[in-house]
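Engineer: The listed protein sequences derive, respectively, from chains A and B. Residue numbers are given in my numbering: position 68 of the first sequence equals residue 68, and the series is strictly consecutive. Position in the second sequence counted from 1, then plus 1000, gives you my numbering.
The hints are simulated quantities; they were obtained by calculation from the structure and are not laboratory data. Keep in mind that the hints are not guaranteed to be accurate.
No more than 20 Å apart at the CA atoms, straight line, and that leaves these computed lysine to aspartate or glutamate pairs for EDC-like [to be verified]:
{"#": "1", "chain 1": "A", "residue 1": "Lys56", "chain 2": "A", "residue 2": "Glu329"}
{"#": "2", "chain 1": "B", "residue 1": "Lys1242", "chain 2": "B", "residue 2": "Asp1291"}
{"#": "3", "chain 1": "A", "residue 1": "Lys193", "chain 2": "B", "residue 2": "Asp1291"}
{"#": "4", "chain 1": "A", "residue 1": "Lys56", "chain 2": "A", "residue 2": "Asp76"}
{"#": "5", "chain 1": "A", "residue 1": "Lys56", "chain 2": "A", "residue 2": "Glu82"}
{"#": "6", "chain 1": "A", "residue 1": "Lys193", "chain 2": "B", "residue 2": "Asp1203"}
{"#": "7", "chain 1": "A", "residue 1": "Lys193", "chain 2": "B", "residue 2": "Glu1322"}
Computed footprint of chain A on chain B, listed as stretches where at least three residues anywhere in the stretch have a Cβ under 8 Å from a Cβ of chain A [unchecked claim]:
{"#": "8", "stretch": "1071 to 1080"}
{"#": "9", "stretch": "1177 to 1185"}
{"#": "10", "stretch": "1233 to 1242"}
Which chain A residues face chain B? A few, computed with CB under 10 Å, are given here [to be verified]:
{"#": "11", "residue": "Gly139"}
{"#": "12", "residue": "Thr142"}
{"#": "13", "residue": "Ala181"}
{"#": "14", "residue": "Gln207"}
{"#": "15", "residue": "Tyr346"}
Idealized CB from N, CA, C, for every residue including glycine.
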Amino acid sequence: MTITSNRSDHVDFGRRQCVIRLGAMSARASWRAIVVVTSLLAGALVIAVVAVGIGKYTVAPADVLGVLLGTNTSFDRVVVVEWRMPRMLMALLVGAALGVSGAIFQALTRNPLGSPDIIGINYGAYTGALVAITSFGVGYYTVAAGALLGGLVTAVVVYALSYRNGLAGYRLIVVGIGVSAVLNSVNQWVVIKLDLHTAVTASVWQQGTLNGLSWAQVLPMTVCLTVATLALVALGPQLPVLQMGDDAAGALGVQPDRARLAYLVVGVGLIALACAAAGPISFIALAAPQLARRLTASPGVGLVPSAVMGAVLLLVSDVVAQQLVTGSELPVGSVTGSLGGAYLVYLLVVQARRR
Amino acid sequence: MTLQTPVAKAQTTAPRYVTPRRRVIGLVLAAALLAAMCVASLAIGTENVTLSTVWHALTDYRDSGDQWIVHDLRIPRTVLALLVGLALGLSGTLIQAVGRNPLGDSDILGISSGAGLFVVCAIAFFGLTGIWTYIWFAFAGALFAMVLVYLIGLTGRATVTPVRVLLAGVAVAAVLDGIGFAVRLRYPRAFDNMRFWDAGALDGRGLEVAAAIAPFIAVGVVLCMIVGRSLNVTALGDDLAKSMGGNVARTQALSLIAVTLLAGAATAGAGPIGFVGLMVPHAVRPFTGPDWRWILAYATAVAPALLLVSDIVGRVVIRPAELPAGIVTAFLGAPVLIWLIRKRGADRS
């Protein structure tokens, strides 16, 4: 593996780049993006170590590190490893999945508001998950398959309904809002009809929550995420090319329709994974790619920075949710909803000022 | 060619014969529909009641058989649905008329979220559980959210575009709903019997709630009657309205008060119910034409009927459990939103 900085290279990207080569594969990234991603990861690690110790049974950060390094084998170990670590890991994994999914959709629609949680894909995935639970019973893979199917059907319906002599951004979004409202009704209907949980639990899960997740969910989630990551690696760097528009993409050797379909499937798959594990958590997919893009000062949304940003955002939101309302479990989706809604307001104001 | 297209479009979409007679007949039909829905609402439910029992319960009430179901449960519920439906329909019409925004109603634009959040805070932090005390918070919240949404929608532009206001409403609603949810979870005991805040339910609210919101809705109706005529002038745009002698600022101010009262009272009475106010003006326009006075008149009959239908559907689909009316209205109304945005050509945004 070689890393070269291309200051003396022929192409001027306008900022310092580095090229990583591993055998036949290579990737190019700006140094700024690498620094941002690294510091976000470090921040996530620090937050995770501190947060894993907070709760009814407090563990000091030093003791948490001891547990992780294997030197601390007291009751702390049970608390950290058995009780709190799965939730922490799931927050990171689900957040990363949401961030990447948001980046894919925003790149495909070339619109920050085209993210899957605005246009209703996550509600569709949740509907699919509910239907799978009611027909085939609870099991991560069946629920994930149901969510995937629900998400795909919703994506096709939303695109079909908003397509009319092209895909105008605002029409996609309003159709998505309408479809979300219908699916939300359907979801509530299914939940009430089958009395899946008591009313409170149902409304908590519908907001999106990480409560009650254990190691049993971490492994399948990791497997599925790995598959999705491999698929994205196999697709190569076609997403930035697609963002240039179909003509330019075609000229640069990308088949726009095929590439779009492939990315759509992966994007829906990722949001479906997140939904199957934690319900329809909103606004992470909207905010993570945009925040990452601003931090890395890159021209388009990038997948890796979005993934890391999504993981950090969901982790922080979950910590906030746990600390804000002690006793009863505040669903993380209600925190991300508020924060993300505020971010959407900011986005609208900034967009308006720029014009 | 480019010049002819809009004209041809306008001709095909405009209703062909909106005669005064057609308007009156339509209004009578709407009133008949409303009356039929009232009777249906009294009779249909988890326990179906015969029409003769309904009649006896209404005319000479004796505590026998199923009469108490009609008297104690269905009458308060139907009255509440009538009032809330009226308020939703009129506020939605005003929002669409004054905002010149076909994509608006009190729920989609986050107004009911604002009212809901303020009421939740009043109950949680000040311990106000009587409707007479927290209804004032509903008005304050409605006004707060409405001003916020329009400030965000207005930034940076001379004219407000419907989609931007809609997005601002969605964003503000997300923020306010999230906060409200957190507060409710923090004080679960204060909200034991306030299930309706989740999805807009009409059951179990009693006649005193209806009595409390009725005066405010009455004031809202009077304000609608006052501004009705000037809405048609306002619809032409600020400049043209002024040149025709209309007082745009007065119309807007009165409408703002009316929407605050109507949407606040509806939310205080039944929680957030969406899409009724969105649907009604579009549904009645084939009968009324573009005259906002007639649209308001129709809305007084059609909106309550629509809410009653939704409530009845909610009672029937998952017997013996019930689906809150707000969920049914969203299911029925969201396709209207999709249809509207598809109908509007790609030339406008």
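Engineer: Please go over all the hints and tell whether each is borne out by the structure.
Structural biologist: Checked hints:
1. A:Lys56 / A:Glu329: holds, 13 Å
2. B:Lys1242 / B:Asp1291: holds, 19 Å
3. A:Lys193 / B:Asp1291: violated, 43 Å
4. A:Lys56 / A:Asp76: The given pair, whose Cα atoms are some 12 Å apart, holds under the 20 Å limit.
5. A:Lys56 / A:Glu82: holds, 15 Å
6. A:Lys193 / B:Asp1203: Roughly 17 Å between the alpha carbons, so the hint for Lys193 (chain A) and Asp1203 (chain B) holds.
7. A:Lys193 / B:Glu1322: holds, 8 Å
8. 1071 to 1080: violated (count 0)
9. 1177 to 1185: Three-residue rule met by the stretch 1177 to 1185 of chain B, so holds; n is 6.
10. 1233 to 1242: Check failed, 0 qualifying residues.
11. Gly139: It is violated, given that the least Cβ distance between Gly139 (chain A) and chain B is near 26 Å, above 10 Å.
12. Thr142: Violated: closest Cβ of chain B sits about 24 Å from Thr142 (chain A), beyond 10 Å.
13. Ala181: holds, 4 Å
14. Gln207: Cβ of Gln207 (chain A) sits 7 Å from chain B, so the hint holds.
15. Tyr346: Holds. Min distance 9 Å.
In this structure, the earlier hints numbered 3, 8, 10, 11 and 12 are contradicted, and the remaining ones agree with it.
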